[in-house]
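Participant: Chain by chain, the residues run as shown.
There are 4 protein chains.
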Amino acid sequence: MKRVLIATGGGDCPGLNAVIRAVVKRAAQEEDWEIIGSIQSFDGILREPTEIMVLDEHSVRGIHVDGGTIIGTTNKGGPFAWPVKNADGTWGAVDRSDEMIRKLQYMGVDAVISIGGDGSQKISQKLFEKGLNIIGVPKTIDNDLSATDFTFGFQTAVQIATEAIDKLVTTAASHNRVLVLEVMGRNAGWIALHAAIAGGAEVCLIPEIPYDIEKVAKKLKSRYNKGKGNAIVVVAEGAAPKGGTLLSEKSDEVGYENLRLGGIAHQLVHDLKSIGFEADMRETVLGHLQRGGSPMAYDRILATQFGVKAFEMVLEGKYGEMVAYRHPHIISVPFHEAIDNPNFVDPEGDMVKTAKGVGIDFGE
Amino acid sequence: MKRVLIATGGGDCPGLNAVIRAVVKRAAQEEDWEIIGSIQSFDGILREPTEIMVLDEHSVRGIHVDGGTIIGTTNKGGPFAWPVKNADGTWGAVDRSDEMIRKLQYMGVDAVISIGGDGSQKISQKLFEKGLNIIGVPKTIDNDLSATDFTFGFQTAVQIATEAIDKLVTTAASHNRVLVLEVMGRNAGWIALHAAIAGGAEVCLIPEIPYDIEKVAKKLKSRYNKGKGNAIVVVAEGAAPKGGTLLSEKSDEVGYENLRLGGIAHQLVHDLKSIGFEADMRETVLGHLQRGGSPMAYDRILATQFGVKAFEMVLEGKYGEMVAYRHPHIISVPFHEAIDNPNFVDPEGDMVKTAKGVGIDFGE
Amino acid sequence: MKRVLIATGGGDCPGLNAVIRAVVKRAAQEEDWEIIGSIQSFDGILREPTEIMVLDEHSVRGIHVDGGTIIGTTNKGGPFAWPVKNADGTWGAVDRSDEMIRKLQYMGVDAVISIGGDGSQKISQKLFEKGLNIIGVPKTIDNDLSATDFTFGFQTAVQIATEAIDKLVTTAASHNRVLVLEVMGRNAGWIALHAAIAGGAEVCLIPEIPYDIEKVAKKLKSRYNKGKGNAIVVVAEGAAPKGGTLLSEKSDEVGYENLRLGGIAHQLVHDLKSIGFEADMRETVLGHLQRGGSPMAYDRILATQFGVKAFEMVLEGKYGEMVAYRHPHIISVPFHEAIDNPNFVDPEGDMVKTAKGVGIDFGE
Amino acid sequence: MKRVLIATGGGDCPGLNAVIRAVVKRAAQEEDWEIIGSIQSFDGILREPTEIMVLDEHSVRGIHVDGGTIIGTTNKGGPFAWPVKNADGTWGAVDRSDEMIRKLQYMGVDAVISIGGDGSQKISQKLFEKGLNIIGVPKTIDNDLSATDFTFGFQTAVQIATEAIDKLVTTAASHNRVLVLEVMGRNAGWIALHAAIAGGAEVCLIPEIPYDIEKVAKKLKSRYNKGKGNAIVVVAEGAAPKGGTLLSEKSDEVGYENLRLGGIAHQLVHDLKSIGFEADMRETVLGHLQRGGSPMAYDRILATQFGVKAFEMVLEGKYGEMVAYRHPHIISVPFHEAIDNPNFVDPEGDMVKTAKGVGIDFGE
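Protein chains in written order, with our numbering: chain A, 2 to 365; chain B, 2 to 365; chain C, 2 to 365; chain D, 2 to 365.
Just chain A, same shape as in the assembly (with noise of 0.2 Å):
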């Protein structure tokens, strides 16, 4: 009997359960194999008692519906940086990776699949350099990978965020007011300028392209001038002003989830009336929702394909290197050439030409 052990880390991602399930159901074509789950990331591995789950077909079957994932997530820590209560009451944080990786070893692990964003690759990385037989798959729902064309829950994230433009639609022109909607996206604007041509919308600012916030008003005043006050402004978290400070650059430990929600779209507002623009303005947040829910068929398939690699990848010992799709196979690409390799949208890109193309204004 061989085992495998899956953890999945970092914020939840709409596909992480439809890896799971592919993992769970490709092994179990092959004779002799069990796959358990870490409870929380390696979390679960570090406490005590443990906390794992049996991974079997009963146990995946229908998961790749369902948002979340079902062996907990969590962005906080890891074994490199397992956090500790000082005496004095703060918080300190010391490695037990090493002990890890023995625990992993009693526990009878052959191999591990990590799923989860930058952060657990790079732990990936450090642990497949102490010996570590690992395995990555790559979870980011910003897409702002380049080493993978795709990665899934993007889709899901692009479509819910369109789904919510096309209700502000019909609002922002009832009452002719200017909605301003903000999605995720704190270094890569792909779910802003995917949704924004999806939408339909008026003007995306997103962190590759610093906004000059007199030219987003006089974009939103043509409007009125030609009688229509109505307009979408769709935002990513991480978009700032032209010389402004980005996000990203505030604190490299930021995550997503510690930003202030609604930061970006409630200061635009506010900017934007400080230069004397009168228009009804009103923000949205997506926060949460754009995480949640059924992965769309894309990114089950998507995760699937990642899934059974990941697996096949465990047959052949292809450890220390990562999942990715370059259209229209699965490859695997070794970590030192996934991380610090991001994706940004492109400014002279096609996709940029193609909002340019149909009017978006990025506030240039």
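Take the hints with a grain of salt, since some may be wrong.
Where chains are identical, the list cannot tell them apart; a pair therefore holds if satisfied intra-copy or between any two copies.
Said to hold, decoys possible - Result set (EDC-like, lysine to aspartate or glutamate): computed pairs, CA atoms no more than 16 Å apart in a straight line:
no., residue 1, residue 2
1, Lys357, Asp347
2, Lys3, Asp57
3, Lys243, Asp213
4, Lys354, Glu313
Think of the hints as simulated: they come from the structure by calculation, not from any bench.
Since the model is a prediction, treat every value here as computed from it, not as a measurement.
Take the given structure of chain A and dock chains B, C and D to it, following the hints.
Facilitator: The following block gives chains B, C and D in isolation, referenced to the frame of chain A:
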């Protein structure tokens, strides 16, 4: 040729277009009736140049599927309190109701159908007392009117809030979090109550049942002790702690649109933390997403029933009355019976009993 | 310890799981009650080995969101007509009701909650007359029961049918086609009538109003003459031409499941062609898609109300009665009042008037 | 003033309106360009009186959200085979292509953008060879074109089919049934394959992999033996048994619209019964529901990219070429490369491997 003018007032609400379409299609079955719409409630009549829209079968084709209102709406002013800028730059209001009635006569309008909320119905009653042939169609997304069993838009808002809970449940479970969802309901907690039952929330806070923050914390903690840290708290924007001031009491002049969205959710999380509740908590505010989008079949049907009945009341000369639904009949009631007769959640009623029956806590 | 057994019978219907969950959660608030479910209606009790499922808070968590029934269902047989294979290979039936009651006593079952349609309620009445402590919960997706204002599942079916029309409208318009949509409704046309209004259909054919094929063609042709060839025809599966035999009269034994799906839509298109109507016509049959999927908020709430009430009726010993909804109260009515008291569409009622008011033709 | 004519041909497909809107909005950024649409593909040009529609920013507002095509479509005839009734009552065809080109010159049309499927592109190539300034935009809901990575409409069709499976799964499980879902795919099984993976089907039958009915029965029986009788079988309309005739081979002239919907699903159930498979089986045919409704964000974006690019190709005079997507770029390819270069499911490809990896059986 006889002419009927339609106006839609107050916040937009799924189903408004279905009412308009039904009036137009019913009128098309009679000879020599023309329907026109005043742009942005009665403002269109009073503006110079007059802003009206001809509503024929062509212009209403397919609009029952769309949210919002094709003739626009506003929740400011009205003929009895038309906003004017004073010499000192402050804003005042003048009564232009007589002028409006004269304008309607001049335009050859034989009857008016006014679709709107409590404020609109009060205006209608006053216009009726001044001799205008006017009929009311109730519009309150909050379902807070006792004269009618249900109002259109409510089921759509409940469905949207329920789907939001469905999305939040998986993310709450994956991260072991308490998620607070703020929904509409300044005076009446119907949307929160229905969504809490439909979504399977753990806690529901509504204006009709002032909450004790310690009791809310106790309920949430009891789940931690059972090993389930995650929970969904649904809170109506008008909910208030015991002894606190209801938002609705703070100012009678304050409409939805002027309330600070997210206020109560934010306060609740803050208050829970301040009494030592340490769970990972996040807020989500639905806001304008509840108003927009395609109305559910239920609301399209009710709105269509209201529209057909409203035109038939014109044919019968039943002025000074408002359409209402008393299962399974569409009836009419005099304005004075309908106004100031709100429909609040009964803390001892069957719906609250159902909620408590499935373990929902009201923080009492 | 007291024990309540739940059974779900007949065709599956969105909301069944919400009833089960509500019974379990309500029972958990009392001391010493255990809920068990019989697999596939009463069959689970009579099978060897007995097939039951323990229903505790863990096993019902989150099931209100899912369609179907976690304890399975069947629409064949039952304790009074258990199918047996005769020596000659034909099928007969035996009465195993006394045996079932003895088995329930042996299992220590104190009360039974039977969730099911007309057939199930008749079985419940007979079991009650034999001394069983039994309570009924009505289930009919067709809403064809006069004892209750509404039944769960109906609004979900209407919504699914309406969304189908929304999809068909654009394709009908693009191709200038007549699209015929067949929906459920063997005896009662409620789903067809509601969906036709909500979707904005041109023609609606229901069992309660026999149609004249010439009149249907005339209506469709009148649109061609006005330049709009496209049209949506919604037809209930039990609709029949004037003078024709209603499906429901063909055999009392025939349930939904045995009807030939698509029969009436196909016949209608054939008959229209045979009288010389030359438009491009296509059929769509919703079939099983109407039963499945997550119940709408409306149905989840009604089902939850029914479940809580059913358990409270057990506490009160109100056996021989069925839960019902009389707006805005949840009440109970004796089986004998509920059975054989169908709720048909009234051709002179308010809902048909509304439909005709927006120009829907019934082929009269 | 320069004039571009748009035509949409073949079966309607979610995203057509988004292409039209994008062309119009992109053209509005250049001076002196006018866009017009020919009603029902090229038929509008050849009819008397000519049927065209002016496409300006007003007429395309919000249409990207709607299914269908505002300028109508047809999948019959075309300029090279215009249907004419012979003296003996039979139908023949005449070539009116030269006449159409002259008419376009007369109308002052400088360039044509033809959005359509394989048939339309062949017509475009022939018109280009006759000297017409024509650009192609591919439209195939089946994604069966190798010149482009993806075509719009496909993801929407997959999502609709997946949601249908989600609905069928609960009803299949509740009744312990085998449910057969027939989806589009006459020559290529992409929709069936994607939906089967996304929905978690047990069996998937596609044209590219002829099935053995005994193998299908064996797979379904193996589940019965494990105690799970329920199963979902997804079958593409063009699937065929080993040794059977593919629908696509029966007649090259037969388009989707002429195929008997439900044929293969019905045959499959019949064949399974005839070889002694005794499970309770039901068929569902998605039919026209797959084409309609609001396009997913993915398809709206791809369609918008195609539309913007198409107009830019007009600016560049890139006639005789078709827009295509090669991730992540929008490119153009000559007609002759695009035509007759279909994109079939590779039975040895990564997607089929993924499907087999999660246990989906192809009846091989």
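Participant: One pair to classify: Lys357 and Asp347, alpha carbons no more than 16 Å apart. Within, between, both, or neither?
Facilitator: Cα proximity of Lys357 and Asp347: one copy only (13 Å, versus 37 Å across).
Participant: Using 16 Å as the alpha-carbon threshold, which applies to Lys243 and Asp213: within, between, both, or neither?
Facilitator: within (6 Å within a copy, 46 Å between copies)
Participant: How do Lys354 and Glu313 come out at 16 Å by Cα distance, when the copy is not named: within, between, both, or neither?
Facilitator: Classified as between; 11 Å across copies, 39 Å inside a copy.
Participant: Evaluate Lys3 and Asp57 at a C-alpha cut-off of 16 Å and name the case that applies: within, between, both or neither.
Facilitator: Cα proximity of Lys3 and Asp57: one copy only (14 Å, versus 35 Å across).
Going down the numbered hints, you'll see the structure goes against none, and every one checks out.
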